[in-house]
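Mapped onto UniProt numbering, the consecutive letters of the sequence shown carry residue numbers 1 to 222.
Hint data in this document are derived by calculation from the structure and do not stem from the laboratory.
Do not rely on the hints blindly, as some may be mistaken.
[To be verified] Below, in silico cross-link-like pairs of lysine-lysine (DSS-like), each with a Cα-Cα straight-line distance of 27 Å or less:
no., residue 1, residue 2
1, K101, K165
2, K116, K86
3, K101, K120
4, K142, K111
5, K187, K116
6, K190, K208
7, K120, K165
8, K187, K165
9, K111, K190
10, K56, K142
11, K86, K103
12, K165, K190
13, K187, K111
[Said to hold, decoys possible] Cβ-Cβ distance ranges computed for the label pairs, FRET-style:
no., residue 1, residue 2, range
14, H199, I163, 19 to 25 Å
15, F141, P107, 19 to 25 Å
16, D222, E90, 27 to 33 Å
17, N168, N132, 30 to 36 Å
18, G178, E94, 35 to 41 Å
19, E94, T149, 32 to 38 Å
20, T167, G129, 31 to 37 Å
Ideal Cβ positions, reconstructed from N, Cα and C, are used throughout, including at glycine.
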Amino acid sequence: MENLRYKSVFDIIGPVMIGPSSSHTAGAARIGKIVRSIFGEQPDTVDIYLYESFAKTYRGHGTDIALVGGLLDMEPDDERLADSLKIAHEQNMEVLFVPLKEKAEHPNSVKLLVSKGDRKLSVTGISIGGGNIQISELNGFKISLTMGTPTFIIVHQDVPGMIAKVTNLLSETNINIGTMTVTRESKGEKAIMIIEIDHADIGDITMKLVQIPHIFSVNYFD
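Could you build the full structure based on these sequences and the hints that come with them?
So this is what it looks like as structure tokens:
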């Protein structure tokens with residue numbers, strides 16, 4: 001097993017170019033950005049466990065820079081993506097890449113463990129082709145989010161009534177929930193709602209959700 005932790009810009013060898021595979025670059029960048037969104041802020045440390053195809057070609061195909069770029073809140077077509085490892089170092093985000101030999105449910109699978117202070121989050125993502133992704137695990141819970149349907153990711157304080165306030169507001173604006181996943185770090189700490197809805201016409205609902213007390217961030221993906 002090879003462990004590669006970037007602590008200095010001198011650890012980055014040669015010019016890094018975006019690879020030819022959308023699965024390894026665009027999909028990887030989307031996974032990183034979704035993890036950043038679920039976490040709610042930029043992490044201080046990131047352990048990235050790569051499986052099968054990702055493990056074999058993550059540097060040559062630009063999967064490494066794409067994942068880190070997404071964690072830095074970059075889009076897949078961001079011109080800064082090629083410099084993401086350098087930017088992460090400059091912003092004191094420490095990244096560990098761990099290519100694994102074990103099998104995964106999909107050859108383009110990656111597990112990210114992100115942390116900041118006492119906060120930790122574990123997310124497993126799959127790049128299924130054409131830049132499309134699926135989130136298959138969140139904090140140890142098996143889920144199935146394709147991110148191909150309109151989705152809210154809401155980070156909030158774990159206090160009574162939060163789910164009711166959010167779902168009531170969606171109901172009042174005639175937004176139907178398809179699936180909903182809820183998890184939390186621990187009792188009373190930060191919690192996460194991931195809500196897939198049936199249509200993309202959401203009006204100003206994001207602004208209304210942010211105004212609910214104890215909600216830290218609301219991200220919407222369509």
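Legend entry - Contradicted hints - numbers only: 1, 11
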